[in-house]
Every structure is written in structure tokens, then in C-alpha cells.
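Protein chains: 10
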Amino acid sequence: MEFLVRSTTSFPPGLSAQDILDLRGQERTLAMALRADGILKRLWRLPGKQGTLGLYETKDATHLHDVLTSLPLFPYLTVEVEALATHPQEMTTDVAAAVPASGNGSRGSR
Amino acid sequence: MEFLVRSTTSFPPGLSAQDILDLRGQERTLAMALRADGILKRLWRLPGKQGTLGLYETKDATHLHDVLTSLPLFPYLTVEVEALATHPQEMTTDVAAAVPASGNGSRGSR
Amino acid sequence: MEFLVRSTTSFPPGLSAQDILDLRGQERTLAMALRADGILKRLWRLPGKQGTLGLYETKDATHLHDVLTSLPLFPYLTVEVEALATHPQEMTTDVAAAVPASGNGSRGSR
Amino acid sequence: MEFLVRSTTSFPPGLSAQDILDLRGQERTLAMALRADGILKRLWRLPGKQGTLGLYETKDATHLHDVLTSLPLFPYLTVEVEALATHPQEMTTDVAAAVPASGNGSRGSR
Amino acid sequence: MEFLVRSTTSFPPGLSAQDILDLRGQERTLAMALRADGILKRLWRLPGKQGTLGLYETKDATHLHDVLTSLPLFPYLTVEVEALATHPQEMTTDVAAAVPASGNGSRGSR
Amino acid sequence: MEFLVRSTTSFPPGLSAQDILDLRGQERTLAMALRADGILKRLWRLPGKQGTLGLYETKDATHLHDVLTSLPLFPYLTVEVEALATHPQEMTTDVAAAVPASGNGSRGSR
Amino acid sequence: MEFLVRSTTSFPPGLSAQDILDLRGQERTLAMALRADGILKRLWRLPGKQGTLGLYETKDATHLHDVLTSLPLFPYLTVEVEALATHPQEMTTDVAAAVPASGNGSRGSR
Amino acid sequence: MEFLVRSTTSFPPGLSAQDILDLRGQERTLAMALRADGILKRLWRLPGKQGTLGLYETKDATHLHDVLTSLPLFPYLTVEVEALATHPQEMTTDVAAAVPASGNGSRGSR
Amino acid sequence: MEFLVRSTTSFPPGLSAQDILDLRGQERTLAMALRADGILKRLWRLPGKQGTLGLYETKDATHLHDVLTSLPLFPYLTVEVEALATHPQEMTTDVAAAVPASGNGSRGSR
Amino acid sequence: MEFLVRSTTSFPPGLSAQDILDLRGQERTLAMALRADGILKRLWRLPGKQGTLGLYETKDATHLHDVLTSLPLFPYLTVEVEALATHPQEMTTDVAAAVPASGNGSRGSR
Chain L
1 MEFLVRSTTS FPPGLSAQDI LDLRGQERTL AMALRADGIL KRLWRLPGKQ GTLGLYETKD
61 ATHLHDVLTS LPLFPYLTVE VEALATHPQE MTTDVAAAVP ASGNGSRGSR
Chain A
1 MEFLVRSTTS FPPGLSAQDI LDLRGQERTL AMALRADGIL KRLWRLPGKQ GTLGLYETKD
61 ATHLHDVLTS LPLFPYLTVE VEALATHPQE MTTDVAAAVP ASGNGSRGSR
Chain V
1 MEFLVRSTTS FPPGLSAQDI LDLRGQERTL AMALRADGIL KRLWRLPGKQ GTLGLYETKD
61 ATHLHDVLTS LPLFPYLTVE VEALATHPQE MTTDVAAAVP ASGNGSRGSR
Chain W
1 MEFLVRSTTS FPPGLSAQDI LDLRGQERTL AMALRADGIL KRLWRLPGKQ GTLGLYETKD
61 ATHLHDVLTS LPLFPYLTVE VEALATHPQE MTTDVAAAVP ASGNGSRGSR
Chain Y
1 MEFLVRSTTS FPPGLSAQDI LDLRGQERTL AMALRADGIL KRLWRLPGKQ GTLGLYETKD
61 ATHLHDVLTS LPLFPYLTVE VEALATHPQE MTTDVAAAVP ASGNGSRGSR
Chain X
1 MEFLVRSTTS FPPGLSAQDI LDLRGQERTL AMALRADGIL KRLWRLPGKQ GTLGLYETKD
61 ATHLHDVLTS LPLFPYLTVE VEALATHPQE MTTDVAAAVP ASGNGSRGSR
Chain G
1 MEFLVRSTTS FPPGLSAQDI LDLRGQERTL AMALRADGIL KRLWRLPGKQ GTLGLYETKD
61 ATHLHDVLTS LPLFPYLTVE VEALATHPQE MTTDVAAAVP ASGNGSRGSR
Chain R
1 MEFLVRSTTS FPPGLSAQDI LDLRGQERTL AMALRADGIL KRLWRLPGKQ GTLGLYETKD
61 ATHLHDVLTS LPLFPYLTVE VEALATHPQE MTTDVAAAVP ASGNGSRGSR
Chain P
1 MEFLVRSTTS FPPGLSAQDI LDLRGQERTL AMALRADGIL KRLWRLPGKQ GTLGLYETKD
61 ATHLHDVLTS LPLFPYLTVE VEALATHPQE MTTDVAAAVP ASGNGSRGSR
Chain Z
1 MEFLVRSTTS FPPGLSAQDI LDLRGQERTL AMALRADGIL KRLWRLPGKQ GTLGLYETKD
61 ATHLHDVLTS LPLFPYLTVE VEALATHPQE MTTDVAAAVP ASGNGSRGSR
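Protein chains in written order, with UniProt numbering: chain L, 1 to 110; chain A, 1 to 110; chain V, 1 to 110; chain W, 1 to 110; chain Y, 1 to 110; chain X, 1 to 110; chain G, 1 to 110; chain R, 1 to 110; chain P, 1 to 110; chain Z, 1 to 110.
A few of these clues could be false.
For lysine-lysine, the following DSSO-like pairs were computed, each having C-alpha atoms within a straight-line distance of at most 30 Å [claimed, not checked]:
1) R/59 / P/59
2) V/49 / X/49
3) Z/59 / A/59
Looking from chain W toward chain Y, a few residues come up when the C-beta cut is under 10 Å (computed) [to be verified]:
4) 59
5) 61
6) 62
7) 63
8) 64
9) 66
10) 82
11) 85
12) 87
13) 91
Quick caveat, the hints were computed from the structure, so don't treat them as lab data. Positions of the beta carbon are idealized from the N, C-alpha and C atoms, including for glycine.
Work out the full structure, taking the sequences as your base and the hints as a guide.
Dropping the structure here:
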């Protein structure tokens, strides 16, 4: 099941720059593992924001909660989760499968 | 450039069931063309809602506006658009490319 | 997976009282089937509101969307869905299982 | 009378990890007592959130307030309470009683 | 148990002035009965609004819902209900009892 | 003139438990005086909230502001004030006068 | 006592241009009477809005409600009322009295 | 040009009572100068709030920003500004000019 | 003085396609005149929205209100206006003057 | 592509006045470079606010995010970004090009 996860990061004043660097490094490492696992499918930045928008796929909300609370940055995140239902157009595998990440936005007429 | 497009559909009372069926058919046809064009990349239903959440890729917001206003359902849509910035993790093509649609959510431990 | 489903009902002016009665009857019948199926687990009224709050259990959001859109009242509903994660306290079956509906609120000290 | 209780937890910076662990332990103990008392009937996590959604049954709002303020975590909670009215469908005991906690969501057609 | 009930009235265009007059008459009659019953305790106008703010006392939210849905104006009301808990200062009968309606606001120094 | 006053209490971290106890004691003492003066007419707790809902009667908003800012807890309060207009049903003294505080909610049919 | 009254006007489709003209004429006439009475003290347009912002002075909220409901446009208004308390700086008559309407904004340095 | 300026004051914990007293004194002095200049025309308290509502007249928004940022309390203010357009009824000087501050609200029938 | 004007268009059901075309034509004509007058400085579409975002320069809010209410589409617009103050960086004419419309977004490094 | 960027500045208590002065100096220097680059096209103050409203032109949202995060004040900003689509009226270069900054608002009739 897919979820849209919107998270905003805010570090308490006391946290040193080095602490933050370490946390971000650990976050990146875990993110790679989650991608390899097919759990983290896409990740975007929201321009000007200190946070991300992510597309996750997990068994259910309980599994998602375990994944999110395992993120090193979790204690500093404010998270909004939205459950996504599969659209009939994507129930036929041929169309939905080929979904490359951000590439060349020039396709399609203006 | 990618955009998250949240749309809610509401038909005026006067529209017949047949009109609505026709509109939805035309909408599906155009959606397939937009997918083939790489413009419509993913489409979800929001459970219980009369609308969709879509991931679009276009040259810019002007191109996106042209695409959205060309949708047969556009006159009956309320649309919220969010511009998405590429996350550094997805700037390296190997990871970001392989992004299958909704499949097996069982991956990744609980 | 469990979901909290908040729905508000509003009938268009043209719908006759008889139409509404029929719809409500069909809704009740389907609700009984969904309860028998373990899908609709609890249903409440929000005092003063024209709508309900329901606890549903389905495979995922897609299954929930199918269930909700099959409700006779669906065309007249505005729905908000919240995905629920199982709390660790309820992962051990003995506690969570015994969850009778509204009964005697007198238990527990004031 | 039943209430839906939505609570968000936020600990002040000064509170040590050990303090928090102790508080959560005391909270769990009280929760068990409240369940045994039929006051705390269901408890869920909201995926990604630092808080819970609970179904409580008490004599009235005053009794509920006493229960909530007796929670060890209460000083660190932001709470939203919603009064629930019994739905006619659940006034007949046979249907409403059998309400197992989260189990197998596979029932019911897709 | 006491509830604060905020209701906004909006009549559909088709309803005649006479219909509205009749409805308001029936509403007043029922209000008197509810007052005599100790259920409707206070009723205010919110300046400039088409609606009221009421203090109700009923057994529970289910009883309140029955009362509100029995109001002739109910089909034209949008209602917000807030459950009220008794304040410790009012648990001792002597103070709380003497609570006259709007009278002379001149008491107490400026 | 009557006002509905909704206040939320939040103490800064530095304030000791004893300070808070003292403040609450002084608040209770002043509340009694305001009741005797007919200014504070009713006070409720909002279940789960750190604050109160109060019915005040003062000459005007300026008088109310003086009363509220004289409360020992005022520096720690966030306050929302709503001006209340007398409802025609309460302009005849006989009905409105007899308005006992929270008593037996059992009156009135379900 | 002074109030800030924010009102938005929306006419139902059926109302003819002539009806609206007549209503506005009656509104203007009543407004002049209210000004002469010292009740309507200032009236502004909110740029781009179909409505006004007004400064009213009445005995209390009940008096204000009577005034507002007597406006010919009242059935077509959505109104928000805010009670205003006199600021200590304006309790001394010499300063507060001289309060000309919109005149020359050029005073005071840039 | 006239503006409605709504400001909420919140002092950081570190600021001493004496600092605050001094700031308020300086604020009052500047306010008197702005009144003499015809820039600050009216000032109200919002009952129960730590802040004010002010009617200002300046050349334009830039001039207003200069005035507001020159206030001693500015660093501690959260400000909302609304541009006001002159209402046709006040374009004729005779009516608009005579606008006394808060006086006797008893004028005008109930 | 500059204003940001956000407007959303919604036509009532009864308005024919031809009426709408005519209105849009008249709107375009007036827009050109306003541009020539230096009043309408920039106009954007908000992707997916039925409305525009405009940068206007007028003497004051009253002048802006006259301009907006003169727009043929005004009866069908919902408008939000924000007053803009000149930034110190733009008070020196050399920088601020050269402000071409949308052109080449490629400048500046990624 | 153009974006409207709304940012609010809030400095943590620990930051010295000198630090803030230095940051603002660095911000101004970078702003000049961004203007020379055609990326920062207009910048306004919102009267009474600690922040700005800016019109930016960048390749896409990713480029915009890089620009915004490069601002010295970025760690202290809360930012809202809105993607802007070119309006058909501005697709013909002659009109859109000549867009002087804030100048003489006196043009155009009242």
C-alpha cells in the first residue's frame, strides 16, 4: 500500500552542526536501504522548505509507522501521512510500471 | 520539472449520468496520451474522495496549466498544485530511475 | 488495516423524502453486510451532525475506497479518511480482542 | 458515553531519556488498568505522529477529564476530545457487541 | 452532562416566508418544553449571526443528538457541539446553583 | 452584557510547582469574589484541556478586559472572547432566571 | 461600547438588478440615520471585496444585533463581529475626541 | 490612506518587568506623537488579548511599515495589516468628519 | 502604491459560453488599458486555477477598489488584496527599474 | 519559470544584534548578485511583517531551492513558494517587457 509522507525538520537550538551532519548522513544511509527494499520509492524537496515529500510503499500504516520512527531524524520531524488508493488506470501493470523519476520535462506539447 | 496535482471533482446537478460517463471516457483517453508523453507519471485515488492525486512532469508551470486546462473534466475540478524540487538523493540516475508503480508492499521488515 | 472514516451527508434540494428513505434503507442493509464481513467494525453519530464516524478494517486504502464508493449514500457524502496504525499495547491479542461496543460508562472511578 | 481522544505528545528539551522511559512505563501500566476498567477501549498510533488516537468510555466529560488528567503523560499532551453518540445500528446489542480489535482486513471483496 | 451547541441557520431559496415563520413558531414551542425539562438551560444570539449558541444538559451525546434532531429547524442547521466538564469550583452546589440569566452587568468595578 | 471566555493555560518551563499552586489558589479566591459580584456566572473545564470556558457578565468589553487582566493567571493565558446577545426567548425574566448549574441531565426523553 | 463589524454581501441568483439597487438605496438611508444616531461611526470598503468593515457603537451586543438585523441587506450578509475595549490612551477625552475620517495621509515622516 | 493594524505582543522570557515598563512608556510617548501627527487615529484593546487594534492613516504601505517598525514594541509584535478603501458614504466630508471616539453607546433605539 | 491581487473566477450555471467569451474579451481590452496606464503591471495564472494573480499600482486602496470593481469579470470574482511596501533595496531606482517579465530562467547557477 | 516566495524571518534569542547586522549585510550583497543574474526580479516588504515577498525567476523548483538555501538568512526563514504560470496576455513580449518597479501610482483614473 502506498503513502504520501510530508515531513518538516526542525532542530532544537542545542544541537551542534556536527550532530546535524552526522544525523543527515545516517538518514541518507537508511534511505538507501529503504529504496533498495522498495519501501522509499520517491523523495522530493519542497522548494524553500526544511523537509521532504516522500512516496512510501509498506504493508500497512503500522509498518509505515515502524519505518518512519526508525529514521534517525524522526525525533526532529513533524509528519503528515496520507493513505493512497490505487487508481483503476494503474491496475493494469503495463502502464503503471514504467514510471521513471524526474527526467526531461520537455516531453508533451506546451 | 515535477508537480503534485490534487484535484477534487464536483459535477453540477444538471449534468446527466451519460454526460459524466462520456467525460470520464475522454479523460481516460487523454490520460493515456499524457502517460505515453511522460507528462502524467502516477495517479492515485484518495480513499473516499471524488478526485485524484497526480504526479506530473512538464517544462514549467505554464506548460502544466495548459495540460490541466486541456482535461475534459477541468471545468468541474478544484485543483491544488505543488511544485516539487529534485532531492539530492535522486540526482544520481541509478537510484531514482527504478521506481515501479504500486506493487508488493510486503518488502521491508515490519 | 484499520481506518477512521468521517462522513458528512448533504442531499441536493431535488431529492424527495421517499428517495432519501430508500437510500437510507439500502445503506443500512449494506452496513449489516459490511459488519458481518468484519469490514465495518463500529459506527457512531456525531451529535448534531448529518453524518457518521466509522471504524473500518480493509486490506488497504484501495479496498477501502471500493467499499466506500459502493455505499448507496456515497454520491451525497463528503468523506475524510485517516489511516490507523496498531498500537503496541494492542499487538498482544488478549487485551485488544475484548472490545465491546458502547455499554456501561459507569466503570472506572470519577 | 464514548469519546474519541486525539493526543499529541511533546516533551520539553530538559526532560532526560530516562525520565521519558519511566513516564511511558507508568503510562502503559495505567492504560492496562483503564482497559481492565472498560474505560480505554481501543488505542491506535497515527502513522508518523508522536501521539495516539483513543476510544474511551466514561460516565460523562467530567469523568473523562479526570481520567485524562490522571495520565502520567498528561502534562506533555495536547488533547482534542470529540463526544460520540450511539448510532441506531448499534443500539441492538447483537451487532455492536462482536467488535474484535485489528485482525484480518482481508474480508470483504475488493 | 452539559454541552455548548453552536448552530447556524440557512434556509434554502425555495422556502417561503410563511414556512419560515411557522418553523420558528414550532421551534419556540419546543424550546419552551426543553427549558421546562431542564434540557435547554441558556440560549444566546451571536450578534450579526443567523443562529444561536445554546447551553444544553442531557444524559449523554446520544440523548443530545435525539434532542437536536427533534428541532423543527434541524434540517436547516449546521451544528457544532462541545462537551463540557464540570469545573471543581462548581462541584460544591452553593456557588454553582445561583446562576441567574443576563441581568445587571453593572456589578463589579470597572 | 454577557461574554463567553475561552482560555488556555500554559506555564513557562521556569515556573516551579509551588509557584503554580500559589497562582491557582489566588485564582480561585478571585473567582469566588467575581462570582459573588455576579461577574463570573459559570465555569467549565474542556475535557483534556489545560484551560476553561467561562460565562462572564460585565458592563462592556472594557470592563471585561479589566476583569480578565486582573486574574493572577492572566500572564499565562491565551484568551478568546465572544460577545453574546440576549435571545428574545430570554428577554421575559420568568424563563431565563431559573437556570441551575449542572445538575441532573436525565430530564427530558431520550 | 464599540464593535468592529465585518460583512460580506452575496445576493442569490434570482434577485434582479433593480431589487439590488432598491436594497442599496434603503441601506444608505438607514446608514445615514445610524450615523446621525452615533451608532454607525465609520464605514470602509475592503478593496476588491463585496462587503464593508464598520465601526459601530451600541449599548451592548443585543442592541448591536437589533441594529444589524434591521439593515435591509441583512438577509444577504455574512457578518463577523468583534467586541472592542477602550484603550487607556483613549480614556482621556482630549486625545481620543479629535478623530477625523480619512483625510491627508501625508502627515508623519516616511 | 487608512489601515487596520492588529498586533499581538509577546515578550521573551528573559525580558525583566522593568524593561517591559520602560518599553511601554516609550510606546505611549511615540503613540502620542503619532496621534498629534494624525497617523494613529484610534486604538482599541481586544478584551483578554495582549495586543491592540489600531486605525492608522499614512501615505501608503511603505510609510506605514516605517511607522510600525519605529515602535519600541515592534520587535515583540506580531502584526496583521489590512488596507482600507474609503466608502462612498464617507467621501462627502460633512458626515465622515464628525467621528468622536468611544462615548455614549446609548444612542439609537434597541 | 503596489498591491498583490489574487482573484478566483466562478461563473453561475446560467451564464452561456458566449456570455463568458464576451466577458473575457471585454476583460482583456480593459486589462490592456490598465497596463498602458501603469496600473496593471504583471498578471500570472496560478497553474490549475480558474483565476489570476496580479501586481497592481494605484494611488491607494480606494483607487484600487474602483479599478477592480470596473473589471467586467468583477461580479464573478472572489478577490484577496495584499498591500505591498517598497523594500529598501528597491528605493534606489537603478536596480529596481530593470524588471523584465518572464524571460530566461536559465540565469544563475543550479 | 517565475515563483512568488513569501518568507518570514525569526531569529533565535541567542543571536546578537551584531550577528544579525552581519547576516543582513551578506543577504543584501547576495540579493544584488541575484538581481544582476535576473533571478531576483522584485522584492517587497509586507507592512508590519518581519519578512519579504519576492518574485524570483529560475529554471525550475530545484534551481529555486538551491537559490533560497544559499541565502545567509535561510536558516532563520519560514518560506512559502507558489509556482506562477505565464498569463496569455504576457506571452506577447511587447506588453510584458516594460514592467517598471514601484513608481508613480497616480496613473489611471480614480
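Checked hints:
no.: 1; hint: R/59 / P/59; result: holds (9 Å)
no.: 2; hint: V/49 / X/49; result: holds (23 Å)
no.: 3; hint: Z/59 / A/59; result: holds (9 Å)
no.: 4; hint: 59; result: holds (8 Å)
no.: 5; hint: 61; result: holds (4 Å)
no.: 6; hint: 62; result: holds (4 Å)
no.: 7; hint: 63; result: holds (8 Å)
no.: 8; hint: 64; result: holds (7 Å)
no.: 9; hint: 66; result: holds (8 Å)
no.: 10; hint: 82; result: holds (8 Å)
no.: 11; hint: 85; result: holds (4 Å)
no.: 12; hint: 87; result: holds (9 Å)
no.: 13; hint: 91; result: holds (9 Å)
The structure shown violates none of the earlier numbered hints.
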